[in-house]
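Asks: Each protein sequence line maps, in turn, to chains E and W. For the first sequence, our numbering gives the first residue as 1, with consecutive numbering after it. For the second sequence, our numbering gives the first residue as 1, with consecutive numbering after it.
Bear in mind the hints are in silico, worked out from the structure with no lab data behind them. Glycine included, every Cβ here is placed at the ideal spot set by N, Cα and C. There may be inaccurate statements among the hints.
[As the list claims (entries may be wrong)] In silico DMTMM-like links for lysine to aspartate or glutamate, alpha-carbon gap of 25 Å or less:
#1 W:K2 <-> E:D181
#2 E:K213 <-> E:E191
#3 W:K198 <-> W:D52
#4 W:K247 <-> E:D260
#5 W:K228 <-> E:E227
#6 W:K209 <-> E:E227
#7 W:K247 <-> E:D296
#8 W:K247 <-> E:E312
#9 W:K155 <-> E:E312
[Claimed, not checked] Okay, the calculated bits of chain W under chain E, using three or more residues with CB under 8 Å as the criterion:
#10 55 to 68
#11 76 to 90
#12 114 to 126
#13 161 to 169
[To be verified] Residues on chain E that point at chain W, a partial pick, calculated with CB under 10 Å:
#14 M1
#15 D72
#16 G100
#17 E168
#18 P169
#19 K173
#20 P176
#21 P259
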Amino acid sequence: MAILVYTEHWDGQFKKSTFELVSYASKLAEAANTQTVALSIGEVEEDNLRQLADYGADKIISVNQQNLKYVDNQAYSSVIQQVADQEEADILVLAHNNTGKALAPRLSVRLQAALGSEVNQLPASLDPFMVNKKVFSGKAFANVKLKTDRKILTLAQNSFGIYENTQEPVIEKFEPTLSDDQLQTQVAEVEKHRDKLLLTDAELVVSGGRGMKTPENWDKLKALADELGAALACSRPVSDEGWRPHEEHTGQTGKIIAPDLYIAAGISGAIQHIAGVSAAKYIVAINTDQDAPIFDVADYGIVGDAMKVLPELTEAFRKARS
Amino acid sequence: MKILVCISNVPDTTTKVRFVDDNTRLDTNGIQWVINPWDELALTRALQLKEDKNNAVESVTVVHVGGKGSEPTIRKALAIGADDAIRVNAEPQDAWFVASQLAEVVQQNEFDIIFAGIESSDYNGAAVGGMLSELLGVPSISAVSSMDLENDQVKIIRDIDGGKEQMTSQLPLVVIAQKGIAIEPRIANMRGIMMARKKPLNVVEPVEKDTLVEFVDYELPQAKPPCKMIDPENVQELVDLLQNEAKVI
């Protein structure tokens with residue numbers, strides 16, 4: 001019996017979201033009175049692997065094969081299944097990011113394990129196994145019973161927190177068995193957004209809507225984001241108009257984010273937009289319309305013209321920080 | 001080449017949800033039902049691929065698991081251009097149940113490319129597409145934001161955290177679509193709506209399947225305290241509050 005956590009890395013480096021995931025798995029292992037096994041696929045130096053033990057991994061399994069350089073959903077699910085079987089893992093934990101969303105449902109079928117997706121806290125009980133998850137794109141929550149012996153959970157990003165819990169880990173290599181028919185997708189080219197803070201990782205997010213009036217006015221948002229070290233986001237009309245790339249669209253059909261602070265400028269706050277940002281710990285709204293629905297969900301509000309308020313706010317932050 | 005698009009029937013995105021029967025069931029009174037937004041974008045892209053004469057796409061079929069009540073949504077998919085539709089006559093229970101029904105449909109018919117939206121806006125499981133591909137034993141590519149055909153080969157862009165990957169794949173393939181796959185969903189015109197009435201909508205009976213999860217009950221998020229308003233002439237106050245009250249910067 002064990003909890004198996006799949007830990008993603010980026011060019012051999014883990015991110016805070018990985019440590020959050022391992023923290024979650026290890027708290028779950030504590031509640032279930034079992035051990036935490038972390039799995040890493042790809043080339044990661046041992047010193048980096050060892051970091052996983054700082055957040056509670058008792059055992060770290062590393063799979064490093066040339067044909068697993070890129071995520072092939074079939075091959076990766078097969079590897080995770082092989083490790084889950086070897087470790088007799090009865091709960092698997094993955095991140096609710098693009099990779100986790102791709103692998104978890106395949107594993108659910110392979111292991112005949114119920115999938116609790118986008119959970120944001122530890123299970124309310126282990127027997128019956130009850131998890132709480134967001135439904136209707138954040139407009140409600142559901143209590144869901146996972147009915148099978150084995151279970152898979154995907155954890156919503158920025159929902160749990162990072163907890164240090166240093167262990168002396170066992171580090172093992174694992175050689176999976178893979179046949180060619182499990183590698184049917186090929187990556188031809190990779191384009192990385194270097195030096196760009198990832199929206200779903202960001203603790204601070206500055207976002208603009210149609211109230212920003214023109215794409216050129218984004219320099220005012222960008223100045224504020226740079227001052228704060230924040231990521232940029234936008235509302236759906238803005239990405240539909242092509243003012244900003246679709247990766248920045250935050251809302252029900254775009255990115256779902258949970259930063260510490262979300263500053264919304266010129267965003268009226270349609271219900272679909274709120275669904276994507278309601279998990280933010282604090283929301284600041286800047287809008288000319290005092291009746292805009294964004295003020296119903298904001299913690300702090302300014303009724304005013306974003307074009308005038310944003311530069312003043314940037315200046316005020318600069319002074320406060322110096 | 002034959003394309004299948006899986007569509008889900010969901011409350012319109014502007015719906016305010018309420019629950020009844022001790023919060024165990026969605027109150028469907030007054031709800032407008034629509035094609036799940038990601039499925040609608042995937043369908044739009046499938047239709048564009050078919051219309052491009054450089055591609056040898058024979059047909060675009062939509063499939064849906066649901067009761068008779070969801071037929072208006074299926075007709076909408078036909079109205080925007082799908083050639084025919086299959087409805088599996090069963091209320092969707094959980095992702096595993098739905099994926100199993102879809103797998104049965106795919107095994108009875110042959111498709112080269114199967115589109116599924118990355119998640120549905122009701123239960124947000126992000127599971128059906130991946131489960132379907134595993135049940136079929138075929139490759140899947142998820143978070144697809146662009147998809148083209150070139151000499152019957154797929155050219156796909158998948159979004160990864162912090163970048164994009166250009167991909168190819170053997171067929172058949174399950175393409176799990178997200179935003180970007182089409183810019184805007186297609187809207188039906190009058191001619192399309194008229195034609196949709198005559199297009200085949202085949203109803204098939206479900207296979208017997210269990211569920212892996214049970215939605216026990218629902219709760220609404222707690223109301224937030226009222227917004228604290230700040231004088232636009234005094235943004236310094238906001239900085240103070242964020243530093244000292246919220247402590248987020």
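Asks: Okay, which hints does this one fail, numbers in order?
Replies: Checked against the structure, the hints that fail are numbers 2, 6, 9, 10, 11, 14, 17, 18, 19 and 20, while the rest are satisfied.
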